[in-house]
Amino acid sequence: MALHLRSSSSSKSTLLNILRHNLGFGSRSHVTRHIRQILPHDPPLRGSQNPISRLCNTMAEPETLSSFVQHEYANNHQVMDFPGGKVAFTPEIQFISESDKERVPCYRVLDDNGQLITNSQFVQVSEEVAVKIYSDMVTLQIMDNIFYEAQRQGRLSFYATAIGEEAINIASAAALTPQDVIFPQYREPGVLLWRGFTLQEFANQCFGNKSDYGKGRQMPVHYGSNKLNYFTVSATIATQLPNAVGAAYSLKMDKKDACAVTYFGDGGTSEGDFHAALNFAAVMEAPVLFICRNNGWAISTPTSDQFRSDGVVVKGRAYGIRSIRVDGNDALAMYSAVHTAREMAIREQRPILIEALTYRVGHHSTSDDSTRYRSAGEIEWWNKARNPLSRFRTWIESNGWWSDKTESDLRSRIKKEMLEALRVAEKTEKPNLQNMFSDVYDVPPSNLREQELLVRQTINSHPQDYPSDVPL
Amino acid sequence: MSSIIHGAGAATTTLSTFNSVDSKKLFVAPSRTNLSVRSQRYIVAGSDASKKSFGSGLRVRHSQKLIPNAVATKEADTSASTGHELLLFEALQEGLEEEMDRDPHVCVMGEDVGHYGGSYKVTKGLADKFGDLRVLDTPICENAFTGMGIGAAMTGLRPVIEGMNMGFLLLAFNQISNNCGMLHYTSGGQFTIPVVIRGPGGVGRQLGAEHSQRLESYFQSIPGIQMVACSTPYNAKGLMKAAIRSENPVILFEHVLLYNLKEKIPDEDYICNLEEAEMVRPGEHITILTYSRMRYHVMQAAKTLVNKGYDPEVIDIRSLKPFDLHTIGNSVKKTHRVLIVEECMRTGGIGASLTAAINENFHDYLDAPVMCLSSQDVPTPYAGTLEEWTVVQPAQIVTAVEQLCQ
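As given, the protein sequences belong to chains A and B, one line each in that order. Take the first sequence: its position 149, counted from the start at 1, is 149 in UniProt numbering, and no numbers get skipped. Take the second sequence: its position 54, counted from the start at 1, is 54 in UniProt numbering, and no numbers get skipped.
Treat the hints loosely; a few may be bogus.
[To be verified] Taking lysine-lysine and the DSSO-like style, the derived pairs with C-alpha atoms no more than 27 Å apart in a straight line are:
1) B:LYS129 with A:LYS256
2) A:LYS255 with B:LYS129
3) A:LYS384 with A:LYS430
4) B:LYS124 with A:LYS255
[Said to hold, decoys possible] Just some of the chain A residues that point at chain B, by a computed CB distance under 7 Å:
5) PRO105
6) THR236
7) VAL283
8) ASP442
[Said to hold, decoys possible] Each pair of labels, with its calculated beta carbon distance range:
9) B:GLY83 with A:GLY85: 48 to 56 Å
10) A:GLU452 with B:GLN403: 38 to 46 Å
11) A:GLN121 with B:ARG102: 45 to 53 Å
12) A:LYS132 with B:TYR116: 50 to 58 Å
Because the hints were derived from the structure by calculation, they are not lab data. All figures in this text were calculated on a predicted structure; none of them were measured in a lab. By construction, the Cβ of each residue, glycine as well, lies at the ideal position given by its N, Cα and C atoms.
Put together the whole structure using the sequences plus the hints.
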């Protein structure tokens with residue numbers, strides 16, 4: 001189980017290469033892996049703090065304190081022990097540059113036209129998985145469009161689409177196992193879709209009816225499903241990152257063959273929770289994947305106003321976290337990256353940061369009109385030239401796994417299902433008023449019971465002021 | 001009086017007066033032992049206190065004589081009680097250790113809780129016994145490790161999150177309010193968050209403004225959480241255990257100055273009901289509601305009041321959210337006068353909410369307006385003399401009672 005990681009010896013380029021797999025670890029039978037190319041490996045990191053045995057601190061041995069250890073470096077450097085390990089001195093006044101001359105390259109496997117790039121490394125997918133990935137991407141796209149239109153028509157109160165990010169959603173989910181726990185932001189319904197959440201269940205949550213697992217308490221797109229290991233969306237940005245680290249810690253304690261996976265956007269990386277969570281995950285050696293959907297915009301804030309680093313991938317190194325930048329609109333690359341990262345995370349019990357570059361084609365939400373802060377041309381270009389669906393479709397068609405007929409069949413079927421799901425969800429009764437007061441605690445305390453009584457009394461005396469579609 | 005409150009030197013000596021007060025001994029004349037209300041039932045040592053819904057949180061011994069002075073020397077206790085004596089922080093540690101033994105999902109996380117044993121030694125020895133993973137030292141970010149605890153709780157663990165000082169948990173407010181309090185509700189009951197968030201708070205001995213905060217007033221509005229405050233080794237252990245076993249998120253408020261209180265507690269397993277108040281001293285003339293450290297100031301004042309002929313009923317409310325309006329109500333109906341003594345600030349404190357609740361629910365039974373003694377709305381000064389005057393002193397309590405009972 002050799003670990004091959006090359007970090008460049010020069011500070012100029014930080015090229016991160018794919019590692020060699022250990023075949024057979026947690027493998028799923030229908031996926032075979034062909035990672036080629038082995039790279040020379042670094043010596044192991046010094047002083048790795050294993051949280052299991054952490055009693056020794058890095059006190060220098062007495063001898064090295066009283067005399068310098070002389071090492072013959074090219075520039076006659078000296079080395080000294082500090083808390084944290086040995087550090088070489090330099091007589092030159094050198095600042096680490098705020099950015100590298102070249103940006104971190106982005107891993108991709110399919111080119112803009114959906115052709116496989118020669119000599120690309122990727123994890124092979126079977127026809128079954130590839131077709132499911134593509135079908136789910138199409139389903140997600142149709143679902144988003146129909147829900148969005150429904151909101152515009154006044155049938156839904158609110159919606160947020162994931163248009164343009166279907167590959168991130170579906171391909172990353174495909175690379176995980178059902179035991180991996182997901183902590184989403186709010187633009188990842190595709191992960192739920194992959195795991196088996198039905199269109200009806202999505203619609204139920206959006207309409208907040210009595211079949212909603214959230215019992216109608218949250219706004220649309222705040223899905224959650226404990227049986228699918230998808231933790232309920234909490235609207236606050238980046239608060240799910242420390243939660244994911246905690247879940248990873250729990251999995252580590254139970255020694256489970258699973259990891260925690262959390263998603264967030266470029267804007268979320270400015271929150272304090274992002275930095276703290278990455279730091280914690282590194283120190284705890286927690287098996288968690290941090291997947292950043294860098295889609296260029298945080299509502300109206302472009303990434304140039306969000307951070308001044310080379311995107312998000314370089315931030316991983318600051319916390320001691322292995323990172324990779326991926327083309328988020330390349331489903332095959334996303335799949336390979338997440339698959340590899342997951343194995344690394346569980347086998348080596350470490351966090352991994354994945355920056356998926358993509359574009360938010362839709363508005364931030366139905367409360368936003370993004371043409372006010374960006375050009376319609378830019379949106380159109382990404383939707384046409386960089387569309388994740390068309391690229392992947394080209395590839396699966398080239399393998400003979402897809403055709404125009406299957407496409408149109410799928411689209412019409414999904415559209416019908418969606419419209420039916422909408423219709424049913426709209427007509428389904430809302431949850432009972434009692435659900436306003438239950439689940440605040442495990443058992444409603446006296447003050448809540450009292451307050452419920454007061455509400456019911458008010459409704460009794462003013463029935464005309466009370467909505468008619470909420471049962472009592 | 002000030003010499004009692006401000007003993008010089010280390011915390012162990014300043015509370016020497018309180019150390020010897022056995023909080024379970026009531027200042028009760030024998031004729032008052034026939035109180036039949038549920039929560040005032042007297043349970044003798046050795047009862048099976050695992051009945052959660054019972055008034056089992058109260059332990060009182062009948063063998064009473066009036067303790068005339070504050071500095072009671074601990075006489076050789078030859079009564080038939082078993083039990084062992086320990087300090088409050090040891091009681092917390094014992095409770096925590098017992099729960100960790102009982103349930104492998106219970107874990108601890110916080111700053112310096114591992115081999116350092118915690119800043120107030122509540123987690124001392126636990127890392128050696130349970131390992132570094134189960135007693136986790138975290139980097140310094142309260143929001144992050146509180147968030148971590150919540151995520152771990154949603155995946156099946158039962159974390160006990162320690163804030164080194166409650167004031168630091170202001171940094172965790174986002175996670176506590178938005179995720180801890182809400183996620184059980186917004187997920188439709190799919191995910192439970194059985195965390196315990198605990199730590200020392202309150203005004204200490206010249207710790208400065210930032211380290212003398214009363215977080216209970218800021219947290220009391222958050223829906224979905226429960227808040228309890230311990231004040232004696234007995235209820236500290238009982239509340240700690242009950243909080244860990246509860247499926248709701250519970251915030252356990254300890255007080256920096258109470259960690260060295262000594263008391264004898266039972267050997268057998270027991271818990272204290274999280275929603276119950278504790279009857280410290282039954283009386284007839286006035287109800288004094290208090291919690292945490294102020295309980296001792298009230299009991300100090302109670303001695304003076306008894307000598308002056310008053311008969312105060314002292315209740316340690318213990319449960320800050322929700323209030324135990326049953327016990328409180330019964331008391332109000334009996335005495336018709338209420339004095340609240342708290343360490344929170346005047347504006348928006350626990351006392352303010354309690355005043356509102358009592359006025360709303362028991363207005364007809366009151367012979368006088370509810371009076372509330374609180375700290376002033378100022379940051380706690382560092383200067384010892386000024387700090388003493390931000391906290392309610394026994395003399396003020398005596399004056400207030402005299403005023404109310406005219």
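Consistency of the hints with the structure:
no. : hint                               : in the structure
1   : B:LYS129 with A:LYS256             : holds, 23 Å
2   : A:LYS255 with B:LYS129             : holds, 19 Å
3   : A:LYS384 with A:LYS430             : violated, 40 Å
4   : B:LYS124 with A:LYS255             : holds, 26 Å
5   : PRO105                             : violated, 31 Å
6   : THR236                             : holds, 5 Å
7   : VAL283                             : holds, 6 Å
8   : ASP442                             : holds, 4 Å
9   : B:GLY83 with A:GLY85: 48 to 56 Å   : holds, 51 Å
10  : A:GLU452 with B:GLN403: 38 to 46 Å : holds, 39 Å
11  : A:GLN121 with B:ARG102: 45 to 53 Å : holds, 50 Å
12  : A:LYS132 with B:TYR116: 50 to 58 Å : holds, 51 Å
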